[in-house]
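Chemist: This is what each chain is made of:
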Amino acid sequence: MDNQMFAATKLNQKNQRTEKLVQILFILMASLLILPVLVILATLIVKGGSVLSIDFLFTDPTNGMTEGGIFPALLGTIWLVAVALIISVPLGIAAAIYLSEYAPDNWFTRLINLAIINLAGVPSIVHALFGVGAFVVFFGFGTSILSASLTLAIMTLPVVIVSTREALQAVPHSFREACWNMGATRWQTIRRVVLPNAVSGILTGVILEVSRTAGETAPIMFTGAVFFSPFLPQGIMDQTMAMSLHLFVVSTQVPGVPENLPYGVALVLIGMVLLMNSVSIAFRMHLRGKKKW
Amino acid sequence: MSASTGLDSNCDQAFDQRNLDWYIDKAVQVLVFMGGISAIIFIVGIFLFITKEGIGFLFETLDFEEFFTSPYWEPSDEDAPEYGILALMAGTASVTGLAMLIAIPFSLGTAIYIAEFATGKTREWLKILVELLAAIPSVVWGFIGLTIMNPLIIELFDVPVGLTVLNAGIILGLMAAPIMTSIAEDALKAVPDRYREAAEAMGATRWQVIFKTVLPAAKNGLLGAILLGVGRGFGETMAVLMATGHAINIPGSVFDSVRALTATIAAELGETAVGSDHYQALFTIGIFLFLITFLINLTADLIVRGIRKS
Chain A
1 MDNQMFAATK LNQKNQRTEK LVQILFILMA SLLILPVLVI LATLIVKGGS VLSIDFLFTD
61 PTNGMTEGGI FPALLGTIWL VAVALIISVP LGIAAAIYLS EYAPDNWFTR LINLAIINLA
121 GVPSIVHALF GVGAFVVFFG FGTSILSASL TLAIMTLPVV IVSTREALQA VPHSFREACW
181 NMGATRWQTI RRVVLPNAVS GILTGVILEV SRTAGETAPI MFTGAVFFSP FLPQGIMDQT
241 MAMSLHLFVV STQVPGVPEN LPYGVALVLI GMVLLMNSVS IAFRMHLRGK KKW
Chain B
1 MSASTGLDSN CDQAFDQRNL DWYIDKAVQV LVFMGGISAI IFIVGIFLFI TKEGIGFLFE
61 TLDFEEFFTS PYWEPSDEDA PEYGILALMA GTASVTGLAM LIAIPFSLGT AIYIAEFATG
121 KTREWLKILV ELLAAIPSVV WGFIGLTIMN PLIIELFDVP VGLTVLNAGI ILGLMAAPIM
181 TSIAEDALKA VPDRYREAAE AMGATRWQVI FKTVLPAAKN GLLGAILLGV GRGFGETMAV
241 LMATGHAINI PGSVFDSVRA LTATIAAELG ETAVGSDHYQ ALFTIGIFLF LITFLINLTA
301 DLIVRGIRKS
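Chains as they are written, first to last, in the numbering used here: chain A, 1 to 293; chain B, 1 to 310.
Some clues are possibly wrong.
[Unchecked claim] With a cut-off of at most 30 Å between alpha-carbon atoms, the simulated DSBU-like pairs for lysine-lysine come out as follows: (1) A:14 x B:189; (2) A:290 x B:121; (3) A:10 x B:121; (4) B:121 x B:52; (5) B:121 x A:20.
It should be emphasised that the hints constitute simulated quantities derived from the structure, not laboratory data. Remember, it's a predicted structure, so these values are computed and weren't measured experimentally.
Let's have the full structure, built from the sequences with the hints guiding it.
Modeler: See the structure below:
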């Protein structure tokens, strides 16, 4: 009799069945989203792995880009990313310091936030049009690393701003108050207390930006990256090849490319990007474990 | 009288803190303010520069009715160039639409699983995987559409061409889903735990808690996630350029090739002379794209801000 009172009713059983079913459904959805990508990555590794070698990374493409390596594209991507970082990191950190430490909560700050969201949301090809109209034509930089990197820097600026702002805001307010009470100015507080405590968080965001910048194609297509260049870039006013554009070129524009070559290019590109992201994630987790407050 | 002014000025001097540090502080304040407004300067700059390049065509040559209603995009025809973006809009809309059909259920499902069911290590790893998926560059996605999806579709459905709405839609869906997942997960996490506890105390099962309590409370954030996904699909360039087949066409089924607005700019800008009608027409498409994505982002932001206020 007593046991019967606590036994599962028909309704309970039905609920439990639904519960199980729903959970299985959601697991299925999550795995269906992730599995195809893992299969694709495996295909890239299998097919691209066969062309990968030290020579592939460090020799020039030959025979109309159907043979040889990817060295000029690799070097070009490093140029583009480095120049873009020099422009966007100081600017993005300044913007984040303003938003986190100085900005009052008013309509103007909301306007800045809206501009940041839109800067991240504008299609990459519109950034490319802007790069052509502003840097290539109006400022007369021509198609050069400078034009391409400026375009990339503006496009990826929101990544630096958002991650830096988060890192700054993670520093407890009491740290700042303690410093102000000692008679320090705002800037002294930021430089001696806030920034040292946020520097690793900022670095995480910068690594993330490197990965974003290296993978972009559309913004550099008409501003500074070229299909093929017989010379390595010597300075920021030169044109250059780039990994992302090189993948587009060898997979769509060049006839007679052996089947596995584009897979190799794709594998190197995706390897670079995922490595950067993994470093950034590992760094973040390490930080979370270390945090003292 | 004079004694008191003397005292005042002494006081002023004693309390005047304007030393070197004070000036540095002010200078830095100006500098970071300039950094802060740079985002506004850039977004206005983008609009001004693409308008400047396209404006001559926009107000002189362009026939607005033809632009939006003609399916013929033949800008390089020397005798009678036609500038109609209807077919291009249909291409963009069909691909984005299919992508959302795929991405919305999967990203919301994954977000619910991560936020409500998964625990501990599983949750951490799923979040990391989703973040890594979001990092794959769009040109790599395009390459996947071209080399892996294309033969797969030809074989599975026995069709002559695999570079179609279906191909680009799946690729774009897989691309947009990770970003939508992480925004949707944030929205679910923002629902206070006391809501869940209250529902559980009333005897609700986990599914009932999610369906009747968490989802309605997170509605705005989820809508914001979907809108950002739409914006993302709308503006995607390289993947769509490589996977759609790039044929001007109003699609009748998912097995038709199409061409997108963004891909048209990417494919043709290199061939045009600066300042020509064709060049300006491409910038006009750019203005159109800018305005639409601006509207989508603005709406998403307003919706998401709505929940923060309440």
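Chemist: Would you mind marking each hint as holding or not holding in the structure?
Modeler: Going through the hints against the structure:
{"no.": "1", "hint": "A:14 x B:189", "in the structure": "holds, 28 Å"}
{"no.": "2", "hint": "A:290 x B:121", "in the structure": "holds, 18 Å"}
{"no.": "3", "hint": "A:10 x B:121", "in the structure": "violated, 35 Å"}
{"no.": "4", "hint": "B:121 x B:52", "in the structure": "violated, 53 Å"}
{"no.": "5", "hint": "B:121 x A:20", "in the structure": "holds, 21 Å"}
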